[in-house]
Amino acid sequence: MADTLLSLSGVHTHIGPYHILQGVDLIVPEGGVTVLLGRNGAGKTTTLRTIMGLWTASRGEIHFADHDITKLPTPDISRRGIAFVPEDMGIFTDLTVAENMVLAAAHGPMDAKRLGWIKELFPPIGTFWNSSAGTLSGGQKQMLSVARAIIEPRRLILIDEPTKGLAPAIIKAMTDALQELKETDTTILLVEQNFAMASSIGDTVAVMDDGRIIHSGPMQELAGDAGLQEKLMGLSLEAHQ
Amino acid sequence: MSETAIKPRIEKIPLKDQLFQKLPVLLVPLLAVAGLIAIGNPASWLTLTVAGLAMGMMIFIMASGLTVVFGLMDVINFGHGAFVAVGAFVGFTVLAWLAGWTASPSVMLNLAAVLIAILVAMLVTGLLGLAFERVIVMPVYGEHLKQILVTMGGLIVAQQMIYVVWGPDELHLSRPQAFQGALVIGEAAIEKYRLVAVGIGLALFLAMRHILKNTKIGLLVRAGVENGEMVEALGYRIRRLFLIVFMTGSALAGLGGVMWGLYQETITAHMGSEIMVLVFIVVIIGGLGSVEGCFIGALLVGLLANYTAFLAPKVALVSTIALMVVILMWRPQGLYPVVKAK
Chain A
1073 MADTLLSLSG
1083 VHTHIGPYHI
1093 LQGVDLIVPE
1103 GGVTVLLGRN
1113 GAGKTTTLRT
1123 IMGLWTASRG
1133 EIHFADHDIT
1143 KLPTPDISRR
1153 GIAFVPEDMG
1163 IFTDLTVAEN
1173 MVLAAAHGPM
1183 DAKRLGWIKE
1193 LFPPIGTFWN
1203 SSAGTLSGGQ
1213 KQMLSVARAI
1223 IEPRRLILID
1233 EPTKGLAPAI
1243 IKAMTDALQE
1253 LKETDTTILL
1263 VEQNFAMASS
1273 IGDTVAVMDD
1283 GRIIHSGPMQ
1293 ELAGDAGLQE
1303 KLMGLSLEAH
1313 Q
Chain B
8 MSETAIKPRI
18 EKIPLKDQLF
28 QKLPVLLVPL
38 LAVAGLIAIG
48 NPASWLTLTV
58 AGLAMGMMIF
68 IMASGLTVVF
78 GLMDVINFGH
88 GAFVAVGAFV
98 GFTVLAWLAG
108 WTASPSVMLN
118 LAAVLIAILV
128 AMLVTGLLGL
138 AFERVIVMPV
148 YGEHLKQILV
158 TMGGLIVAQQ
168 MIYVVWGPDE
178 LHLSRPQAFQ
188 GALVIGEAAI
198 EKYRLVAVGI
208 GLALFLAMRH
218 ILKNTKIGLL
228 VRAGVENGEM
238 VEALGYRIRR
248 LFLIVFMTGS
258 ALAGLGGVMW
268 GLYQETITAH
278 MGSEIMVLVF
288 IVVIIGGLGS
298 VEGCFIGALL
308 VGLLANYTAF
318 LAPKVALVST
328 IALMVVILMW
338 RPQGLYPVVK
348 AK
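Chains A and B supply the protein sequences, listed in that same order. Residues are numbered in this note's numbering as their position in the first sequence, beginning at 1, plus a constant of 1072. Residues are numbered in this note's numbering as their position in the second sequence, beginning at 1, plus a constant of 7.
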């Protein structure tokens, strides 16, 4: 069994008066892809943002590579090797694609070999290198967002719904890219609503509802058990209709 | 991922939108031409235009720091005028120490005296900005109402401190010998100091543009204005960037204070709060957070104030506010609004 890279134990997060995460327990093994599933409002995005320190956990502990990162500020968490691809992509639209990438390489100049690999992975990055990022299409912005996250070697990448609102061809391209990324031994924690995509690249899965993890285990187990899928997803849907 | 999988495509900006984007740049020459037609006399127009550009440049120097502070830090600093006044008084003190240099007919000595006064004023106001940010602004990040109250409080404290150090009377700040008098070009008389102000303002604008476009710290500021949270997620400590920008903005206000003091030749503890009305108008016209917009807004305000003061002095009192109203009706978020992803 793979070593644990990231663990959340009993994590609670409040945003203003709202109690969003209500005791999240989650283990992300090193290497491979862990998928976080759940209905809208279940707390998936809040989980990623809490790991990243963008919202502070009010209770519980978050450990990354055996270090407690619960109270660390976001830049320190990033510097420990965690990259974040937010749901809104977080692209700096006033900057060019090149400038976005320069900023993403926070530890020094970009590695030419790695940049070449990224341009192969995402051809539009090279094509529109000097274009304003604000003029890219939605799919291209998503590629830039992922490209920024991998311009430096990272131990863990948190990706929030990378296929949201994208055309099927772009979703396939993004799935292929994540698959290739997975083969480089980068650990990915992926929030995804598209179950077909999630099950094609996920190794382990956790399902959230009402700010808690209600199921976790191998993706194969969930993908191959229609009854379990219906129980977890169906239960959630019914409960909130 | 193969090339064939995704067809590279870029959204084309329609020509109409591109022109709309560039239109604010044309406003300054358009206003200058309108001024020439209205004034009729080219010599008077030239004198007023240089005066307007000089005034605009000085307002830009004071406003540029404020707009970047607002854009990046989301802080409404009503205390910005304190740095203008302190800068002017520090500049006054330094120039008084260097009275021998400023009274000399040597241009080099005059320039050196002004340069030293500017550098010392910027250093003092930059350090004052450091204390202001740590003590007054930092506890109220994200709370606009409290920001207005505490920064206004900071302004009052600074004004009282000026009374304590320099006394309550207004002081006369004379320009160095070389900057006194006017150049006569045809029938137009152009004050030498105004040309210096135009030169310094232009150099500062070009330097800021260069830094914002071509350096990593400039990229960070631009990125931070748009999405500070993402800058942090990339591993940068945005609070440090806030501090650097706040100190720079305060130092620029100090520079503006020295320049404005030498322009008016009289300084008072309230000069900062008085000029802040124009500074806020310029920041709003330009679009909160935009240096380019601030530059264009400052030039428009400077030119319009001078043209209307000549053509219809009573209208001049409301001309800049009327300009702001017209611009906001045309572009509700200012000439170059900075898009925030917050």
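No lab work stands behind these hints: they were computed from the structure. Everything numeric in this text was worked out from a predicted model, so none of it was measured. Hints may contain errors.
Said to hold, decoys possible - List of simulated lysine-lysine pairs, PhoX-like, C-alpha gap at most 25 Å: (1) A:Lys1254 x A:Lys1236; (2) A:Lys1191 x B:Lys220; (3) A:Lys1191 x B:Lys223; (4) A:Lys1191 x A:Lys1143; (5) A:Lys1254 x A:Lys1244; (6) B:Lys223 x A:Lys1185; (7) B:Lys220 x B:Lys29.
Hint-by-hint comparison with the structure:
1. A:Lys1254 x A:Lys1236: 20 Å, holds
2. A:Lys1191 x B:Lys220: 24 Å, holds
3. A:Lys1191 x B:Lys223: 22 Å, holds
4. A:Lys1191 x A:Lys1143: Since the Cα atoms of A:Lys1191 and A:Lys1143 sit roughly 36 Å apart, the hinted pair is violated (cutoff 25 Å).
5. A:Lys1254 x A:Lys1244: Roughly 15 Å separates the two Cα atoms, so the pair holds.
6. B:Lys223 x A:Lys1185: Holds, because 22 Å separates the two Cα atoms, which is no more than 25 Å.
7. B:Lys220 x B:Lys29: OK: B:Lys220 and B:Lys29 at ~18 Å, within 25 Å.
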